[in-house]
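*Asks:* The whole structure should be built from the sequences, with the hints applied where relevant.
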Amino acid sequence: LETVPTIKKLRTLVEGIRTAELEKCFSKMGDDIPKKTRRAVDDLSRGIVNKILHGPMQHLRCDGSDKRTLSETLENMHALNRMFSLET
Amino acid sequence: LETVPTIKKLRTLVEGIRTAELEKCFSKMGDDIPKKTRRAVDDLSRGIVNKILHGPMQHLRCDGSDKRTLSETLENMHALNRMFSLET
Amino acid sequence: SRKHDLLLHLKSGKNFLRTQDPESACLQFKNALELAQRLNDPIEEKKAARGIGASLQRLGKYKEAIQYHSMVLSASERVGEDSGNTEAYGAIADCYTELGELDQAGNYYDKYIARLETD
Amino acid sequence: SRKHDLLLHLKSGKNFLRTQDPESACLQFKNALELAQRLNDPIEEKKAARGIGASLQRLGKYKEAIQYHSMVLSASERVGEDSGNTEAYGAIADCYTELGELDQAGNYYDKYIARLETD
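In order, the protein sequence lines correspond to chains A, B, C and D.
Mapping the first sequence onto the numbering used here, position 31 (from 1) lands on 31, and the numbers just tick up by one.
Mapping the second sequence onto the numbering used here, position 48 (from 1) lands on 1048, and the numbers just tick up by one.
Mapping the third sequence onto the numbering used here, position 27 (from 1) lands on 2027, and the numbers just tick up by one.
Mapping the fourth sequence onto the numbering used here, position 90 (from 1) lands on 3090, and the numbers just tick up by one.
Everything labelled a hint here was simulated from the structure, so no lab data went into it.
Computed cross-link-like contacts, BS3-like style, restricted to lysine-lysine with a CA-CA straight-line distance of at most 27 Å:
| id | chain 1 | residue 1 | chain 2 | residue 2 |
| --- | --- | --- | --- | --- |
| 1 | C | Lys2011 | C | Lys2061 |
| 2 | B | Lys1008 | D | Lys3111 |
| 3 | B | Lys1036 | C | Lys2014 |
| 4 | A | Lys9 | C | Lys2014 |
| 5 | B | Lys1024 | B | Lys1008 |
| 6 | B | Lys1036 | A | Lys35 |
| 7 | A | Lys24 | B | Lys1028 |
| 8 | B | Lys1028 | C | Lys2014 |
| 9 | B | Lys1036 | B | Lys1024 |
| 10 | D | Lys3011 | B | Lys1035 |
*Replies:* Below is the structure:
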């Protein structure tokens, strides 16, 4: 459960990157973006982000039943905190 | 230097995700994609991926001059290996 | 047309969110939600509900936000089409995290994570 | 026109790479490179050079691949426009990693990493 706030922070950080890049992209594409294109591009951005996050997110969750897994999960959390500067 | 192969593996993994999602996106958008759109979408995918990778990649490199940094760097590497299943 | 009005409310809601005005955003999304429900349009209903949820989160009203994000999930179930669910699970979990209910947050993050590899 | 031919070679090179035929891809990209150089078109020259580099990497010819990826960097310098450099630094570093020259790989990854936050 200690890792739950890290999941939220990592989600927030990556969502910020995603929306910032998405807006840049739409502004480059001009005014008349077909709805189908807009949808496909939005899906693209979510697809990339979600597939990258899947592994790390999974390794922030553990059932806590065995000790090795818990300590590894905490190490993963510390590493993510460092690598993404998640501690504020 | 031990972390160099991890950088390569992480790059390869994420590039695979990026190109797979990009192809899905282009196939959804149909045949006549304007060059400007194609370019903007490609930039989008690179922008997201590069900005997400920046932190982890930086934390896989250290000058090795002080001990704490080196051991942290190795912990980061082990965590990334676990989280992205990079050991083959 | 009403559908046109609905889309305008959604668009202006998004703009208000972008310009850091969640209160105005929330109003626009609520108008959109009402129209979507009257038009029986579950796709736009989900977008409106998600918008309200996001606005309420910015306003720190996490309990209310959870209710609206949950509307996305129930609309998905009703029509058998699950777009927006990944985002809804994640957002609900974020709200529970803010409320300090980490057990509940964990449950919803698990549903969120399980969907990250699907499209 | 020659420019048209050039674009066709690039496109078919990409298709061969996608269908796991790096040898045919390499040929197409080499044709494209020759045309790009004759047309004095540094943007397409970089794309061709990158394509050759990528093909050679798939063929396990890492030393040659480095030379072509380096052409991207020198073309950038020549025209004062650095698109493609991030990718080139990363690819060169990948090649040195494969060759076991981890010091050199590290140097190029550092250049690559320094550019990850720019656009």
